[in-house]
Amino acid sequence: MSGRHTGAVAIDPSPQVSARELWFRRALGGAAFPLLAAAGLAAFWLFPNDLGLMTRIAATALYVLSLDLVLGFGGIATLGQAAMFGTGAYAAGIAAVHLVSDPLVLLAVGGLAGGLVALVTGALILHARGLTLLMLTIAVVQIVQEVVNKARDLTGGSDGLSGIEPSPLFGLFRFDMFGRTSYLFALAVLLVGFLVARRIVRSPFGLACRGVKEDPLRVAALGGSPRRYLVTLYAVAGVFAGVAGALTAVTSGIVGLDSVSFSWSAEALVMLVLGGAGRLVGAIIGTVAFMTIHHVMAAIDPFHWMLFIGLFLMGTVLFLPGGIASLADRFIKGNRA
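Residue numbering for the sequence shown follows my numbering, starting at 258 and increasing by one per position.
Heads up, none of these hints are tricks.
In the SDA-like style, the derived pairs of lysine to any residue whose C-alpha atoms are separated by at most 20 Å in a straight line are:
id	residue 1	residue 2
1	K407	F519
2	K407	G513
3	K407	L514
Distance ranges between label pairs, derived from CB positions:
id	residue 1	residue 2	range
4	F560	A408	30 to 38 Å
5	A380	S424	33 to 41 Å
6	V574	S460	24 to 32 Å
7	P291	L577	18 to 26 Å
8	F519	F576	27 to 35 Å
9	G309	R409	23 to 31 Å
10	L577	G309	25 to 33 Å
Because the hints were derived from the structure by calculation, they are not lab data.
Computed from a predicted model, the values in this text were never measured in an experiment.
Positions of the beta carbon are idealized from the N, C-alpha and C atoms, including for glycine.
Take these sequences, add in the hints, and give me the full structure.
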């Protein structure tokens, strides 16, 4: 690991690779965005009767992407990402009911709320490490859930918050019952989020965060502040999660207590493990795989669908420890000179 102190620590912890392997990595990385966009648009035309499901997948993928930022690139063990997601969803929902209805403004409200919660809680809990930190993140999500449940006048409590009716996007495209606008809007937000996240992880700040994950002592020796990097990354990921929550509220028209539940945090972690942590595209692949299997198996067997999810997760961990996205590494290694 090497770097030169210029106000920010820029560290590239990736191992040495051959020129051919590097070319393959760059080619696959450059193709990720157009492939995602093409797949999303193709799904719009191929599955017109499943736009509601695909809208939820797109919003959830952005949420799992936020978890990948903190866990995959910052090494922050957390089971509390739903706190930021749910806060963003409720903030956008409350704003839609009482203040504004523009969908882009609602996304901004959700992102701001999620980022603020992440900044405050991150500054408090990121003193800890390992199992202690994991327990603190669970405590945060439980506290947020209890606050939301008690604030019935604003949130609806256990009944949920309904009556969210966003205005037409750009004043032109209404959120109709067929879900066309909702899906295309969610897909566009996901793609923009993917581009922004990719830019962040490739920036000197992102490389410094990866350096903290690998060797925080060396980052400190180079003049960086490991805790400051992690708190900042946690807040940035909170913005992503808040936007994902707001996107869910805008496209579904309702927010429930499940959006701030521990189980929702755990499911995000399962999706990330399936796709591959530390790979932004892995977060999207894992979300699509998990939610598709969930949808299909729950329709076949509503009582035992979790069994299929468990078997799929075990198989992935055993035979693809790096997640589904690690298949690209096997392809690259198979094409080495």
